[in-house]
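S.K.: Sequence:
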Amino acid sequence: MMNILIQWLINALAIYATAHILSGIHIKSFGAAILVALVLGLVNAIVRPVLVFFSIPFIIVTLGLFLLVINALLLQLSASLVGGFSIDSFWWAVAGSLVISAISWMLSALFNL
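For the sequence shown, our numbering begins at 877 and goes up steadily by one.
Hints were generated in silico from the structure; no laboratory data involved. Each residue gets a CB set at the ideal place from its N, CA and C atoms; glycine is no exception. Incorrect hints may have been included.
[Claimed, not checked] Computed spacing ranges between beta-carbons, pair by pair: (1) Ile936 <-> Met877: 34 to 44 Å; (2) Trp967 <-> Val923: 19 to 29 Å; (3) Met877 <-> Asp964: 15 to 25 Å; (4) Leu953 <-> Ser984: 29 to 39 Å; (5) Pro925 <-> Leu957: 13 to 23 Å; (6) Leu881 <-> Ile922: 14 to 24 Å; (7) Leu939 <-> Gly907: 33 to 43 Å; (8) Asp964 <-> Asn988: 32 to 42 Å; (9) Gly959 <-> Thr938: 31 to 41 Å; (10) Ser956 <-> Gly907: 12 to 22 Å; (11) Lys904 <-> Ile936: 31 to 41 Å.
Make a model of the complete structure from these sequences and hints.
M.R.: Here it is, written out as structure tokens:
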């Protein structure tokens with residue numbers, strides 16, 4: 877249970893840092909980042925498997941690069957569901973999903989999760 881909470885906070889920190897790194901992603905507060913991390917986690921758990929299943933041919937043809945599109949769409953969906961978090965365009969969502977993943981990966985490695 878503690879690992880889940882730590883991972884949630886790491887994702888919130890990654891989202892908050894990404895909003896400060898990329899000019900096309902905006903967030904009002906760290907509290908909003910915590911809420912975005914929760915919504916993004918739920919969206920990834922519920923919607924992502926369905927999208928991946930139905931887009932398997934695209935994922936195979938693009939050698940997995942279509943997963944970037946799915947991640948960007950899920951990040952935009954989270955932005956539309958949470959007030960205080962916005963993304964200017966699809967390409968900012970692609971960049972944001974890459975930066976969030978990189979920061980989350982580094983912080984998770986730092987905390988041995």
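S.K.: If I claimed the Cβ atoms of Asp964 and Asn988 lie 32 to 42 Å apart, would that claim hold in this structure?
M.R.: holds, 35 Å
S.K.: Could you tell me whether the CB distance from Trp967 to Val923 stays inside 19 to 29 Å?
M.R.: Given about 21 Å between the Cβ atoms, the range holds.
S.K.: Using the beta carbons of Gly959 and Thr938, state whether their distance is inside 31 to 41 Å or not.
M.R.: 33 Å Cβ-Cβ, so the 31 to 41 Å window holds.
S.K.: Is the distance from the Cβ of Lys904 to the Cβ of Ile936 consistent with 31 to 41 Å?
M.R.: holds, 40 Å
S.K.: Indicate whether the distance between the beta carbons of Pro925 and Leu957 respects the range 13 to 23 Å.
M.R.: Holds, at about 18 Å.
S.K.: Could you check the hint for me, namely that Leu953 and Ser984 are 29 to 39 Å apart, CB to CB?
M.R.: violated, 23 Å
S.K.: If you check the beta carbons of Leu939 and Gly907, does the distance land in 33 to 43 Å?
M.R.: holds, 39 Å
S.K.: Has the hinted range 12 to 22 Å been met by the Cβ atoms of Ser956 and Gly907?
M.R.: holds, 18 Å
S.K.: Is 14 to 24 Å right for how far apart the beta carbons of Leu881 and Ile922 are?
M.R.: holds, 20 Å
S.K.: Does the beta carbon distance between Ile936 and Met877 stay inside 34 to 44 Å, or does it fall outside?
M.R.: At roughly 37 Å between Cβ atoms, Met877 and Ile936 fall inside 34 to 44 Å, so the hint holds.
S.K.: Could one say that the CB atoms of Met877 and Asp964 fall in the range 15 to 25 Å?
M.R.: violated, 36 Å
Violated hints for the displayed structure, listed by number in ascending order: 3 and 4.
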